[in-house]
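Protein chains in written order, with our numbering: chain A, 1 to 404; chain B, 1001 to 1404.
Warning: the hint list may mix true and false statements.
Using C-beta positions, here's what the derived DEER-type ranges look like [said to hold, decoys possible]:
id, chain 1, residue 1, chain 2, residue 2, range
1, B, T1296, A, E58, 30 to 36 Å
2, B, G1151, A, E76, 37 to 43 Å
3, A, G40, B, Q1371, 30 to 36 Å
Which stretches of chain A does chain B cover? Using the computed rule of at least three CB atoms under 8 Å from a CB of chain B, they are [what the hints assert, rightly or not]:
id, region
4, 50-64
5, 356-366
Keeping only pairs whose Cα atoms sit at most 30 Å apart, straight-line, the calculated DSSO-like set for lysine-lysine is [said to hold, decoys possible]:
id, chain 1, residue 1, chain 2, residue 2
6, A, K211, B, K1036
7, A, K386, B, K1029
8, B, K1211, A, K211
9, B, K1080, A, K211
10, B, K1389, B, K1080
11, B, K1141, B, K1029
12, B, K1036, A, K389
13, A, K395, B, K1141
14, A, K395, B, K1386
15, A, K211, B, K1389
16, A, K389, B, K1389
17, A, K238, B, K1080
18, B, K1029, A, K141
19, A, K386, B, K1386
20, B, K1029, A, K389
21, A, K386, B, K1036
22, B, K1029, A, K211
23, A, K389, A, K80
24, A, K238, B, K1395
25, A, K395, B, K1029
26, A, K395, B, K1036
27, B, K1386, A, K238
28, A, K386, B, K1141
29, B, K1389, A, K80
30, B, K1238, A, K389
31, B, K1386, A, K80
32, B, K1141, A, K389
33, B, K1386, B, K1029
34, A, K389, A, K211
35, B, K1211, B, K1395
36, B, K1238, A, K238
37, B, K1395, A, K386
38, B, K1036, B, K1395
39, B, K1080, B, K1029
Read the hints as simulated data drawn from the structure, not as lab findings.
For every residue, glycine included, the Cβ atom is placed at its ideal position computed from N, Cα and C.
There are 2 protein chains.
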Amino acid sequence: MPLQKLQGAMRIFSCQRSYCLKAQGQLTKDFVEALKAVAGSSNVSTSLAVCEQHGRDESMHRCSPPDAVVWPQDVEQVSKLAAMCYSQGVPIIPFGTGTGLEGGVSAVRGGVCFNLTRMDRILQLNTEDFTVAVEPGVTHKALNSYLRGSGLWFPVDPGADASLCGMAATSASGTNAVRYGTMRHNVLNLQVVLPDGRVLHTAGQGRHFRKSSAGYNLTGLFMGSEGTLGLITQATLKLHGTPEAMVSAVCSFPSVQAAVDCTVQVLQASIPIARIEFLDDVMISACNQFSGLSYTVSPTLFLEFHGTPRSLEEQVQNTGLLHGCVCPHLPAPQDCGGDQERPGGIWAHRRALALNGTCTGEHGIGLGKRQLLQEEIGEVGLAIMKHIKATLDPKDLMNPGKVL
Amino acid sequence: MPLQKLQGAMRIFSCQRSYCLKAQGQLTKDFVEALKAVAGSSNVSTSLAVCEQHGRDESMHRCSPPDAVVWPQDVEQVSKLAAMCYSQGVPIIPFGTGTGLEGGVSAVRGGVCFNLTRMDRILQLNTEDFTVAVEPGVTHKALNSYLRGSGLWFPVDPGADASLCGMAATSASGTNAVRYGTMRHNVLNLQVVLPDGRVLHTAGQGRHFRKSSAGYNLTGLFMGSEGTLGLITQATLKLHGTPEAMVSAVCSFPSVQAAVDCTVQVLQASIPIARIEFLDDVMISACNQFSGLSYTVSPTLFLEFHGTPRSLEEQVQNTGLLHGCVCPHLPAPQDCGGDQERPGGIWAHRRALALNGTCTGEHGIGLGKRQLLQEEIGEVGLAIMKHIKATLDPKDLMNPGKVL
């Protein structure tokens, strides 16, 4: 059995290598020179090592490297480069921090990877409107460092230090979504380069407002589109007032049902809880092993309360009344990574579908969940998604092979 | 001058009549019989009076009556009726409560008005998941009456007792959006009959979940589409825990800037305020006259706080520290209607656009703001919206002449 496993691993490795070699060299020398003419020689690479670094994310999906990687410096360059790829029928793969978990950056048909990390300016912080605009290289940690002292913060935190535009592209979420919402609730508008190079401002150029009902919700359409409809080159985000104080708590339960019941009761009591993360016993055990922790191995809720000291006291007290074992002032738990390599954990995608749930709460569809998306959304929904894709990307060049 | 006004009014009235007469009789007798065969004879009308009642909403837009009105009883009927209209090239105009303010129900090219008010069941209340599904005839007041005693409520309140699916179609909002969000934040998924009769479940049939990143956000696409992409036949809504207690307050300011500053400070201090509505002095004066009130004629904020009695005390106290004139326990102000007939008020759409704002925060585009949408969203955005419209409604039969 160990031998079989070893052979399996070797086979996968060998496939990766042969694929990597095969995929190289599909761009003409002239085309690569043209990319360099736009972005500058030092911002284009066709080296095998660089392409392989860009052909996979942090998931188990195998490496599919692009034929070239380009680092645009601004939206005008992105626009020109996209138009060049579009006119030549070359696939375009957007790349942020590469921290995705669904194979979203795999260049399954080769093409040009657009590494957007060098566009990393924070623009237009507007403390009175609680908004900020960021380029695609800005990560959520970088933004929150920048905001320190302003009394504002951006609360969506998926664990990894992902880029904010990448988080918009994958409709990322995080453990404090219960109070602050996901990216879908916290992105006000986007600047997007369409596959043919046109620049779209989803809410109109230079505009920023908290709410609108002007026409179709283009911002929402690109949120979670995983780079299949265009390249997100700027996101305007909603900021929140920094909470005056925080309390975190870890709460063990005798059963999954008891943890669920407590969550429902906390929400029904309108306790404005900031963070709730549930881990079952299998995952707690894995976290203990991975990070050298010593949490009780049982279904567990990690909670966080934000507010004034006085309101925190009341929140914790009321939560305690609902469930006896709240232990405030414990340190926040560390992130314990993805779910796909833990077969005993509670995150079973097909079972979620069978219970009328979703196959993905936050990581997106990418390569691995396309069949599950079909099962989830059904025939008509899939047809509409394919129509939209064909409308916005008629040559199927934007991050091909993903989502649909 | 008064005579000219009178003549103008007479001209408008005369146009309406002639249009009403002209628009009648464009459907063949066979087609009307076919509608009756699906919906039942008593649920189809071609009477002039009924058609005129359905040809306008509560706005100043003139009446453009449909050729027939049909009251479907269920989604299967909506599907069959839409397919019939689609195959014959007959426009389809969805109709909820007719309380819109942008002329969204005007049948500018005649056709069949789908009055959906007889589909008024409240389905699948799920108190543990905080969700409920409603048919298009259910209004937000009816839903909240139904929820009384459950500990849950639906907070979006646009003033008029609009239907919830109509509120989804127009991306409605309300004065407590500051805490609970708009319809965009409170609709989890939709059932939509497409122009050709296909039934789309935007999140998959029978599914309900609070968050997902599975494929393109079809729910978001239909939110605010104003009936131009399909007929919303069911909406699954997010419910909230009923606040334990409420306090409302009315706060006068010496200037608009002072009222704005107070709002910003309240939000920066993370006071979880539920409602903020701003009225300038012109509007306060109009409200006083219209409703026999006696508010001080100056820029005014209407505030409401939700929470436990103890947290309310703190919220009101902290708001008071920011601004001295909070007067709790005053009754909530009455709704004072639309904005278009008050030229002195602060809601000037073009000025909002010039300041990088939106021409419509909540009522939609309808008939009257199509030019403003163009100015707001720009050429590329408009092109994408038109592409989407053409993709989902290739014959331009869904509520034609609206939005685009």
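Hints, one by one, checked against the model:
1. B:T1296 x A:E58: 30 to 36 Å: Roughly 60 Å apart at Cβ, these two residues miss the hinted range, so it is violated.
2. B:G1151 x A:E76: 37 to 43 Å: Cβ of G1151 of chain B to Cβ of E76 of chain A: about 54 Å, so the range 37 to 43 Å is violated.
3. A:G40 x B:Q1371: 30 to 36 Å: Since G40 of chain A and Q1371 of chain B have Cβ atoms about 43 Å apart, the given range 30 to 36 Å is violated.
4. 50-64: The restraint on the region 50-64 of chain A is violated, since only 0 of its residues have a Cβ under 8 Å from chain B and three are required.
5. 356-366: holds (count 10)
6. A:K211 x B:K1036: Violated, because 41 Å separates the two Cα atoms, which is more than 30 Å.
7. A:K386 x B:K1029: 38 Å, violated
8. B:K1211 x A:K211: Between K1211 of chain B and K211 of chain A the Cα gap is close to 20 Å, so the pair holds against 30 Å.
9. B:K1080 x A:K211: With Cα atoms ~36 Å apart, K1080 of chain B and K211 of chain A exceed 30 Å; violated.
10. B:K1389 x B:K1080: Status holds; Cα separation ~21 Å.
11. B:K1141 x B:K1029: 39 Å, violated
12. B:K1036 x A:K389: Measuring from Cα to Cα gives roughly 38 Å; hence the hint is violated.
13. A:K395 x B:K1141: Violated. K395 of chain A to K1141 of chain B sits at ~48 Å, over the 30 Å cutoff.
14. A:K395 x B:K1386: Holds, at about 19 Å.
15. A:K211 x B:K1389: Holds. K211 of chain A to K1389 of chain B sits at ~22 Å (cutoff 30 Å).
16. A:K389 x B:K1389: Judged against 30 Å, a Cα distance of about 14 Å means the pair holds.
17. A:K238 x B:K1080: 43 Å, violated
18. B:K1029 x A:K141: Violated. K1029 of chain B to K141 of chain A sits at ~67 Å, over the 30 Å cutoff.
19. A:K386 x B:K1386: 17 Å, holds
20. B:K1029 x A:K389: 41 Å, violated
21. A:K386 x B:K1036: 35 Å, violated
22. B:K1029 x A:K211: 45 Å, violated
23. A:K389 x A:K80: 21 Å, holds
24. A:K238 x B:K1395: 38 Å, violated
25. A:K395 x B:K1029: 46 Å, violated
26. A:K395 x B:K1036: 45 Å, violated
27. B:K1386 x A:K238: Distance of about 28 Å is within 30 Å: holds.
28. A:K386 x B:K1141: 38 Å, violated
29. B:K1389 x A:K80: 28 Å, holds
30. B:K1238 x A:K389: This hinted pair holds, its Cα atoms lying about 29 Å apart.
31. B:K1386 x A:K80: Judged against 30 Å, a Cα distance of about 24 Å means the pair holds.
32. B:K1141 x A:K389: 39 Å, violated
33. B:K1386 x B:K1029: Roughly 34 Å separates the two Cα atoms, so the pair is violated.
34. A:K389 x A:K211: Since the Cα atoms of K389 of chain A and K211 of chain A sit roughly 26 Å apart, the hinted pair holds (cutoff 30 Å).
35. B:K1211 x B:K1395: Judged against 30 Å, a Cα distance of about 34 Å means the pair is violated.
36. B:K1238 x A:K238: The hint holds at about 21 Å.
37. B:K1395 x A:K386: 19 Å, holds
38. B:K1036 x B:K1395: 24 Å, holds
39. B:K1080 x B:K1029: 18 Å, holds
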